[in-house]
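The listed protein sequences correspond, in order, to chains P and F.
Sequential numbering from 1 applies to the first sequence in my numbering.
Sequential numbering from 1 applies to the second sequence in my numbering.
Honestly, I wouldn't trust all of these hints.
The list treats identical chains as interchangeable, and a pair is accepted whether it falls inside one copy or across any two copies.
What the hints assert, rightly or not - Below, in silico cross-link-like pairs of lysine to any residue (SDA-like), each with a Cα-Cα straight-line distance of 20 Å or less:
| # | residue 1 | residue 2 |
| --- | --- | --- |
| 1 | Lys85 | Thr56 |
| 2 | Lys85 | Gly48 |
| 3 | Lys85 | Asp138 |
| 4 | Lys85 | Gly120 |
| 5 | Lys85 | Ser116 |
FYI, nobody ran anything at the bench for these hints, they're computed from the structure.
Quick caveat: nothing in here was measured; it's all calculated off a predicted structure.
Protein chains: 2
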Amino acid sequence: MLGRTYESQNCSVARSLELIGERWSLLILRDAIFAGATRFGDFQRSLGLASNILTTRLDRFVETGLMERRAAPESSYEEYVLTEKGRDLKPALIALTHWGDRWAAPAGPPWLLEHSGCGGLLEQLTACTRCGTVVPQDEIATQPGPGAEQPVSSA
Amino acid sequence: MLGRTYESQNCSVARSLELIGERWSLLILRDAIFAGATRFGDFQRSLGLASNILTTRLDRFVETGLMERRAAPESSYEEYVLTEKGRDLKPALIALTHWGDRWAAPAGPPWLLEHSGCGGLLEQLTACTRCGTVVPQDEIATQPGPGAEQPVSSA
Chain P
1 MLGRTYESQN CSVARSLELI GERWSLLILR DAIFAGATRF GDFQRSLGLA
51 SNILTTRLDR FVETGLMERR AAPESSYEEY VLTEKGRDLK PALIALTHWG
101 DRWAAPAGPP WLLEHSGCGG LLEQLTACTR CGTVVPQDEI ATQPGPGAEQ
151 PVSSA
Chain F
1 MLGRTYESQN CSVARSLELI GERWSLLILR DAIFAGATRF GDFQRSLGLA
51 SNILTTRLDR FVETGLMERR AAPESSYEEY VLTEKGRDLK PALIALTHWG
101 DRWAAPAGPP WLLEHSGCGG LLEQLTACTR CGTVVPQDEI ATQPGPGAEQ
151 PVSSA
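This is chain P alone, in the form it adopts within the complex (with noise of 0.2 Å):
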């Protein structure tokens, strides 16, 4: 829930930007994406974060359907566990993680993401469903969908 000022915008960016889109959510589901983080302490440690801002996010996450809260096997512990709807966040989280390792990791990426199968690194593509080619970033152009009768902009 970035901002209440979002709903004028019909858009799924701004959309996902209202349940993915405050401060430190994305940390929280790169850590549970990338690195398997289920638990309180476990975001804790990674991200250095006061407990009311992490208890807030991910209880947001619950009721947001990103994540489910369940009981931890054989301990006391409560698990965060990605939906996939949660787990579907990935492909963003690829696209900015490599965003961020060419403009903004100096020293070169912190981590690298390989596929798992045979070590090499990842390349996010985009394609076209019709012809089936890889589609050039300037050969990208938008169209109103079936959800765009409600104003895109109250302005």
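Chain P is already provided as a structure; the job is to place chain F on it using the hints.
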């Protein structure tokens, strides 16, 4: 500049968020990248955003090299034009759009991203640069990279 407390995070996601994670930043970049917005008034009409916030965001994009400020041709306006660094955020915005389309668009996608060559819808694929296969999301691993020497967390 999402918060100085991200400084302890040696991670390209965190560094990306330092540059683009502030409230409204990604929506401003969306308008620039997908709608070709360049003028202050374009962004303001689309976003309904207070002038001081929009000014701060655009100034910051110029300062961090995501945009260049220049005189618009044949007018007295200034334009904010994406640099290569700014344009290179397109894959991350596509990924966020697709996630929002799937998980936060009950009436269907407000906007469709198409291949301008043939009108087909786009998909993003994660591929391996070594073996060339499309990599399933559960076959992605992380390894420390050349920039990993700085501690990941101060905790």
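Going through the hints against the structure:
1. Lys85 <-> Thr56: So Lys85 and Thr56 pass the 20 Å test inside one copy only (19 Å; across, 33 Å).
2. Lys85 <-> Gly48: Close neither inside one copy (26 Å) nor across copies (30 Å); limit 20 Å.
3. Lys85 <-> Asp138: between (29 Å within a copy, 14 Å between copies)
4. Lys85 <-> Gly120: neither (27 Å within a copy, 25 Å between copies)
5. Lys85 <-> Ser116: So Lys85 and Ser116 fail the 20 Å test inside a copy (22 Å) and across (29 Å) alike.
Of the numbered hints stated above, those contradicted by the structure are hints 2, 4 and 5, listed in ascending order.
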